[in-house]
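K.L.:
Below, each chain spelled out in residue letters.
2 protein chains.
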Amino acid sequence: MAEKKMVEAITSMEDNFSQWYTDVVHKAELARHSSVRGCMYVQPYGTALWENMRNELDRRFKETGHENVMLPMFIPESLLQKEKDHVEGFAPEVAWVTHGGSEKLTERLCIRPTSEVLFCDYYAGIVQSWRDLPKLYNQWASVCRLEKTTRPFLRTLEFYWQEGHTLHETADEAKAETEQMLNVYADFAEQHLAMPVVKGRKTDKEKFAGAVATYTIEALMHDGQALQAGTSHYFGDGFARAFDITFTGRSGKVEYPHQTSWGMTTRMIGAVIMTHGDNSGLVLPPKVAPIQVVVLPIAQHKPGVIDGAQAIADSLKDVARVKVDASDNSPGWKFAQWEMKGVPLRVECGPRDLEAGTCVVVTRHNREKITVNIADLPEQIPALLQQVHDGLYQKALAHRESATHVATSMDEICSIAKTKPGFIKAMWCGDLACEMQLKEQAGITSRCIPFEQEKLADTCVCCGKPADDMVYWGRAY
Amino acid sequence: MAEKKMVEAITSMEDNFSQWYTDVVHKAELARHSSVRGCMYVQPYGTALWENMRNELDRRFKETGHENVMLPMFIPESLLQKEKDHVEGFAPEVAWVTHGGSEKLTERLCIRPTSEVLFCDYYAGIVQSWRDLPKLYNQWASVCRLEKTTRPFLRTLEFYWQEGHTLHETADEAKAETEQMLNVYADFAEQHLAMPVVKGRKTDKEKFAGAVATYTIEALMHDGQALQAGTSHYFGDGFARAFDITFTGRSGKVEYPHQTSWGMTTRMIGAVIMTHGDNSGLVLPPKVAPIQVVVLPIAQHKPGVIDGAQAIADSLKDVARVKVDASDNSPGWKFAQWEMKGVPLRVECGPRDLEAGTCVVVTRHNREKITVNIADLPEQIPALLQQVHDGLYQKALAHRESATHVATSMDEICSIAKTKPGFIKAMWCGDLACEMQLKEQAGITSRCIPFEQEKLADTCVCCGKPADDMVYWGRAY
Numbered sequence: 001m002a003e004k005k006m007v008e009a010i011t012s013m014e015d016n017f018s019q020w021y022t023d024v025v026h027k028a029e030l031a032r033h034s035s036v037r038g039c040m041y042v043q044p045y046g047t048a049l050w051e052n053m054r055n056e057l058d059r060r061f062k063e064t065g066h067e068n069v070m071l072p073m074f075i076p077e078s079l080l081q082k083e084k085d086h087v088e089g090f091a092p093e094v095a096w097v098t099h100g101g102s103e104k105l106t107e108r109l110c111i112r113p114t115s116e117v118l119f120c121d122y123y124a125g126i127v128q129s130w131r132d133l134p135k136l137y138n139q140w141a142s143v144c145r146l147e148k149t150t151r152p153f154l155r156t157l158e159f160y161w162q163e164g165h166t167l168h169e170t171a172d173e174a175k176a177e178t179e180q181m182l183n184v185y186a187d188f189a190e191q192h193l194a195m196p197v198v199k200g201r202k203t204d205k206e207k208f209a210g211a212v213a214t215y216t217i218e219a220l221m222h223d224g225q226a227l228q229a230g231t232s233h234y235f236g237d238g239f240a241r242a243f244d245i246t247f248t249g250r251s252g253k254v255e256y257p258h259q260t261s262w263g264m265t266t267r268m269i270g271a272v273i274m275t276h277g278d279n280s281g282l283v284l285p286p287k288v289a290p291i292q293v294v295v296l297p298i299a300q301h302k303p304g305v306i307d308g309a310q311a312i313a314d315s316l317k318d319v320a321r322v323k324v325d326a327s328d329n330s331p332g333w334k335f336a337q338w339e340m341k342g343v344p345l346r347v348e349c350g351p352r353d354l355e356a357g358t359c360v361v362v363t364r365h366n367r368e369k370i371t372v373n374i375a376d377l378p379e380q381i382p383a384l385l386q387q388v389h390d391g392l393y394q395k396a397l398a399h400r401e402s403a404t405h406v407a408t409s410m411d412e413i414c415s416i417a418k419t420k421p422g423f424i425k426a427m428w429c430g431d432l433a434c435e436m437q438l439k440e441q442a443g444i445t446s447r448c449i450p451f452e453q454e455k456l457a458d459t460c461v462c463c464g465k466p467a468d469d470m471v472y473w474g475r476a477y
Numbered sequence: 001m002a003e004k005k006m007v008e009a010i011t012s013m014e015d016n017f018s019q020w021y022t023d024v025v026h027k028a029e030l031a032r033h034s035s036v037r038g039c040m041y042v043q044p045y046g047t048a049l050w051e052n053m054r055n056e057l058d059r060r061f062k063e064t065g066h067e068n069v070m071l072p073m074f075i076p077e078s079l080l081q082k083e084k085d086h087v088e089g090f091a092p093e094v095a096w097v098t099h100g101g102s103e104k105l106t107e108r109l110c111i112r113p114t115s116e117v118l119f120c121d122y123y124a125g126i127v128q129s130w131r132d133l134p135k136l137y138n139q140w141a142s143v144c145r146l147e148k149t150t151r152p153f154l155r156t157l158e159f160y161w162q163e164g165h166t167l168h169e170t171a172d173e174a175k176a177e178t179e180q181m182l183n184v185y186a187d188f189a190e191q192h193l194a195m196p197v198v199k200g201r202k203t204d205k206e207k208f209a210g211a212v213a214t215y216t217i218e219a220l221m222h223d224g225q226a227l228q229a230g231t232s233h234y235f236g237d238g239f240a241r242a243f244d245i246t247f248t249g250r251s252g253k254v255e256y257p258h259q260t261s262w263g264m265t266t267r268m269i270g271a272v273i274m275t276h277g278d279n280s281g282l283v284l285p286p287k288v289a290p291i292q293v294v295v296l297p298i299a300q301h302k303p304g305v306i307d308g309a310q311a312i313a314d315s316l317k318d319v320a321r322v323k324v325d326a327s328d329n330s331p332g333w334k335f336a337q338w339e340m341k342g343v344p345l346r347v348e349c350g351p352r353d354l355e356a357g358t359c360v361v362v363t364r365h366n367r368e369k370i371t372v373n374i375a376d377l378p379e380q381i382p383a384l385l386q387q388v389h390d391g392l393y394q395k396a397l398a399h400r401e402s403a404t405h406v407a408t409s410m411d412e413i414c415s416i417a418k419t420k421p422g423f424i425k426a427m428w429c430g431d432l433a434c435e436m437q438l439k440e441q442a443g444i445t446s447r448c449i450p451f452e453q454e455k456l457a458d459t460c461v462c463c464g465k466p467a468d469d470m471v472y473w474g475r476a477y
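Going down the list, the sequences are from chains A and B.
Under the working numbering, the first residue of the first sequence carries the number 1, and numbering increases by one thereafter.
Under the working numbering, the first residue of the second sequence carries the number 1, and numbering increases by one thereafter.
Okay, chain A solo, but in the shape it has when bound (with noise of 0.2 angstroms):
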């Protein structure tokens, strides 16, 4: 009944894509709709997931020198008009503080958006030499964007990331930083998540508010849709200006520092659902599910069956993060829900398995059976992990690969965003006003310039003059 209930429920795809996507969230458990608008639940399995893809990035952080700080959530009004394009981007959308009890504040604090403003208020205390640079931070964090349409995780008004800010002696360091971290967030989504992603520079029109340039991932959904999957943003020295940060150079001439930034969100959750998902629900990379292999007793009523399966899983408890399912759900509930849950691997082990050895692993992706001698499974697992995650990584990749067109005329790149989800590459002039017109006319809208670029035609798709810029368009989340 429960297990009926159960795959009923789910939407497929190929019929609703925004209501499957909505189901498996809320039937994997990973987070509820709350009573505070536009913002989550996150339960506990959603939370594991977001641990586990934390805990990576943070290691990675560390690794590359950054230390981890905690800045306020408030931000005071004075402080966010500082810098005129930053404010200009986000006023419209910040929630703001008026009132404390009953109380009206001297000064309005709004809850922060971004915090480059209040790392900008930092480092102007704490740097005064070149020695004091550079200062390479992170903090772990939620802000807030008061967004008129959300959807979980990939658009709530609260949402939970990383922010890292940096601030160095010269220009070519700090756009070398860029370039590091958005090549630490491309490593992390395709050999963590196991989602191939383009790198690009944003054009002009999509960068971030306050930034010289702002460099992006660009993920392709199982729809067609684009995800930016996290930017590194530099600043130059524009900031530092607006804050009055300087410092004492090498030559002891005052100078002002530069400056990035660079962020990955509870979004990459969304990215995780929409890449790797199915029609029987989620399914998580090995490397952030938060239960990589889950064992399932089979005529868990025999003598020995339920001791045979936590005996496997203990095997696994150095190699895996492994879970039994003893409960007395009928074995096809246990497997739909499972699946619902995206576990890369299912072990079923029966009375007749337990006393050949044996047992049968199943891949959630591909539901593949391979028959394993039990005493051979802490040696098979990762192996068998390690190969969920390449399967995953080239069905994604095929998926881009087949649903990225090519266009060279207006009429052809109307025709395909119409017809045809999924990226479009085309070339393109570099004048916004081309920009403006392939969002009326085709209703795309440029995700990035990519560094690996290819001489598609002579023109911009769009105007038909002279254009050096192969640029991938699409529609986004």
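Calculated from the structure, these hints are not laboratory results.
Do not take every clue at face value.
Some, not all, of what chain B presents toward chain A, calculated at C-beta under 7 angstroms [claimed, not checked]:
(1) V36
(2) W96
(3) H99
(4) G100
Note that the coordinates shown come from a computational prediction; the quantities given were computed from them, not determined experimentally.
For every residue, glycine included, the Cβ atom is placed at its ideal position computed from N, Cα and C.
Using the hints provided, position chain B relative to the given structure of chain A.
P.N.:
Chain B alone, transformed into the frame defined by chain A:
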């Protein structure tokens, strides 16, 4: 010069304890004042210290079956008002968000001062049957209470904490949980922070808004003031009734579940400073120290010395958090610097030491110098760190014992309160009026009714009526 500046800058705790505290926070680079009133910029060293505390607490929570979740930072006004005592306790000091961008919100949102009501709203959606219980949740978050006077770590508008929230089938189970988590806190304080604590129950006057009972661990600081180091609350079914959380019990009857919450905050950093620190700065308990061993090359310009220091550090990597300071600063400056930062062990190695295959290990807390064979360090250092931990605990315990006084009459308790900083043990009849009078006449509050009772007298220290409860009284942070 720098050395002199540092040594001069710290106020001695005998001269001005409060200034000494602030000096240590700043000079040890734990945190800085921010441009956001009452909020801190927690620097890398302070953040690393908090992360070490957090990781150990998190490990203990997971070991006792708890799962992390992430709930919103906002509470809609209507939700906050559902439980009468709770809202009365917190409403005067909450921050209210009234506007999003330039638009007025239809309902005000407060920044969570604590999350009981959000957890209740969450529980109501996920609990139907006794099979769904218990729910054992925790979250790591920051919360906000608009205090008038603030001090870094001890009392800030925004502070970082964990808040455990659990829901149980029976009152007994919930009470056992409350006690279990108080023990987790006490063990953590004693075994990890080397901080002796008194376990007990708060009086009704001092308990948490909305709780049936609040349990606490109380520590004693250098200056004889008490610090509430962690609390655990039993709520009965009061919140469940207010939020209409019910479940179908084993007998088929609809019942109200029983609830707890428990929290520990960044004020533990303040407690560590004021329990172990001295006039040379911070003294960190080894188990949470971001750097446990600092290796200082002496006469480092001589050939092989820096390499030798680095080799020592490399040999310790697997047994301790170790750092080499091969900066250009003088040995004297380095001694002062790493003492200020409270690093438990300093390893000094000069050319002659290295030639002899020995080095000198100096303990931070009592400046004991021990000559150790370099080859023995990987074995010796863990043992020395444990010795330092034990030494810190014994020193703090001795201080607490010498600063714990007994009073049996009102004259006596007033006189002690005026002249002898510390805990005062005295009998209490349980009457609020006596508690108020002790506050007024002696300037002290009840810290807790300790689990370990002593019969000091038959009558209340204040009114002289029969009294059963021995209470710890004192001034508190």
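K.L.:
Against chain A, is G100 of chain B within 7 angstroms by beta-carbon distance?
P.N.:
At 4 angstroms from the nearest chain A Cβ, G100 of chain B passes the 7 angstroms test, so the hint holds.
K.L.:
Hint validation: V36 of chain B versus chain A, beta carbon distance must be below 7 angstroms. Holds or violated?
P.N.:
Given a least distance of 4 angstroms, the restraint on V36 of chain B holds.
K.L.:
Can we keep the W96 of chain B interface hint, with Cβ of chain A closer than 7 angstroms?
P.N.:
holds (4 angstroms)
K.L.:
Measuring from the C-beta of H99 of chain B to each C-beta in chain A, is the shortest one below 7 angstroms?
P.N.:
Given a least distance of 4 angstroms, the restraint on H99 of chain B holds.
Violated hints are absent here; each numbered hint is respected by the structure.
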